[in-house]
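A.B. asks: Put together the whole structure using the sequences plus the hints.
Number of protein chains: 2
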Amino acid sequence: MVKRRGKLLVAQTVAQTPNRIDEFKPLERYADIYWLDKMSEEEQARVLPQIDCVYSHGWPNALDSKVSQMSSLRLYQAGNAGVNGLRFDLLGKDVVVCSNAGGYSDEVAEFAIGLMLAAGKRIVKFDRQIRAGLYERKSLDELGRQVALFKEATLGIVGYGGIGRSTARLAKAFGMKVLAFGRHPVRDAGVRLVEGKAGLTRLLRESDAVVVAVPLTNSTRGMIGKKELETMKWTATLVNVARGEVVQREAVYNHLVRNPSFFYATDVWWPGGDGAESFSPNLPFSQLDNFVGTPHASGPSAIVNGTVGNVVVENLLQYFRGGRLKNVVDRSEYY
Amino acid sequence: MVKRRGKLLVAQTVAQTPNRIDEFKPLERYADIYWLDKMSEEEQARVLPQIDCVYSHGWPNALDSKVSQMSSLRLYQAGNAGVNGLRFDLLGKDVVVCSNAGGYSDEVAEFAIGLMLAAGKRIVKFDRQIRAGLYERKSLDELGRQVALFKEATLGIVGYGGIGRSTARLAKAFGMKVLAFGRHPVRDAGVRLVEGKAGLTRLLRESDAVVVAVPLTNSTRGMIGKKELETMKWTATLVNVARGEVVQREAVYNHLVRNPSFFYATDVWWPGGDGAESFSPNLPFSQLDNFVGTPHASGPSAIVNGTVGNVVVENLLQYFRGGRLKNVVDRSEYY
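First to last, the protein sequences are chains A and B.
Per this note's numbering, the very first residue in the first sequence carries number 1; after that it's consecutive.
Per this note's numbering, the very first residue in the second sequence carries number 1; after that it's consecutive.
No lab work stands behind these hints: they were computed from the structure.
Treat each hint with caution, since some may be false.
Claimed, not checked - Below, computed lysine-lysine pairings styled on BS3-like, alpha-carbon distance capped at 25 Å:
1. B/Lys7 with B/Lys326
2. B/Lys326 with B/Lys93
3. A/Lys172 with B/Lys172
4. A/Lys151 with B/Lys151
Here the structure is a predicted model, which means the values were calculated and not measured.
C.D. replies: Quick look at the structure:
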């Protein structure tokens, strides 16, 4: 199927630098491009019914009402890797939704390894103690026993997509063995795939560090709870670069309080009362020595870097040319 | 030269667990082994003049007076990688001194990369801001611009010995280009050796992150000062896993105050008034957002791990068998 000239609506972007706009250039051969925030009401009324393809980074509130006017909509291409924030209920059933999985892989993987080391090496803990004048000198033995070594240790990766694979590549350079829990069979050298409930249990039991990199779906929400935490080694480091809600908030808080050698490092947070992610939950994570928290900082560096657009633009080109789409989302997992 | 049965004095060890003592087992075939802290005064008076080989982790005060009694001493094998703490003035001129360079390489390299990421990814900074309730939400652009990406960035390694090489190996997995400043020619794939004053300047100018891993000698003391810091990129991350005194304390403090995007992450500290390394220098590093400090935590994990003994025991075996010694120190660099 070769499509006629298309109409692409850019509903929301981040980083509207010329650099970013330039990335859409290759699409101009195949489609007219409209920017939602630059269209008058009249233009919208005329154009929206003809739009067959939307690209949006995040789901702006304005889309709630606009999307119902797009009677020709066929493809919704997200700029985000995780599409859990989309209003699937408002998108017509015949709209194909594609995520930007892979668009942030290397950047988020670097960050995941950074969190693993910052927590496991006790960098954040020691830095805080030194700054507060609370660090007590230890014998070399005692100090050495606190600091995790990752060479020859085992990394469990929960969610073996683009981020998981990039993380595995880095971990292998550290001499780590890698166990991966994913939906698709993998044949990466040095990575052992585990499957099903028993596979996840094995991964949690054998890993010295666990990186969570699953999308937030109906089946992953809360998948790491009390039982899973208690299956892990008491000295393990748990890293979350997925979404806060994959890990049960109260369960991990209680686990950290009781297990001071177990570390939780997260770049992602649980939604607060206002729906936005919350930096100050009721549970005082910020008082824990075995906690490391950063503000969703892993992905945006990819936006600045420009790599985020690569997958998106390639997918949009495939759409307009009638080629194969990547990252097609199973909507039943979200809605 | 095949030596007759030797006499080894273990002057000081860390981690005197059975595991560690067991490591000396292979030596028993070639030498009688004495432990300084287990000998009576009489035994010392009888044995010390016959000792031909000392192993010590650190230089205990007791050695000051004992070493002059060891008239047969031929080899001093340090347990430390850095031998700047030795009393070279008290060791006879014909005593060969060997360091334990390489004994901590992988462990310290893991830590160096951890510090690079904890600082460059702003993990320590953001974690502190979140805990203090001072983190201000940023646009994705703004946030992304603050977080360093190391893929395709350049790492400069000042001091290309065991730690430097291990660090390079990890950095290459991140897709980093590596410039190495060292004394010996290297032919490691993906590593470009720079030499001399001009080479160091080039390394400092071109690197996005710099890891300092030189021994502290007469020629490396204070080698990173105001001029070198100002040669570096304003957004660079400087990591020190060598010795505090390689970097000029006041120069780096002033540089950090004036350049908030330049980060200094150190596992090693400057000597305080009492000669011990100081966690609370007069310059308030602990108030700086662009500083990361840990308490000499990178090496001890190798002690616990047991890998520290590998190089030492192998070298001692070579000594007693009359083979080639590794890590022979040029005493003129220290005294």
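A.B. asks: All the hints need checking, so say for each whether the structure fits it.
C.D. replies: The hints, checked one at a time:
{"no.": "1", "hint": "B/Lys7 with B/Lys326", "result": "holds, 20 Å"}
{"no.": "2", "hint": "B/Lys326 with B/Lys93", "result": "holds, 19 Å"}
{"no.": "3", "hint": "A/Lys172 with B/Lys172", "result": "holds, 12 Å"}
{"no.": "4", "hint": "A/Lys151 with B/Lys151", "result": "holds, 21 Å"}
Checked against the numbered hints listed earlier, the structure breaks none of them; every hint is satisfied.
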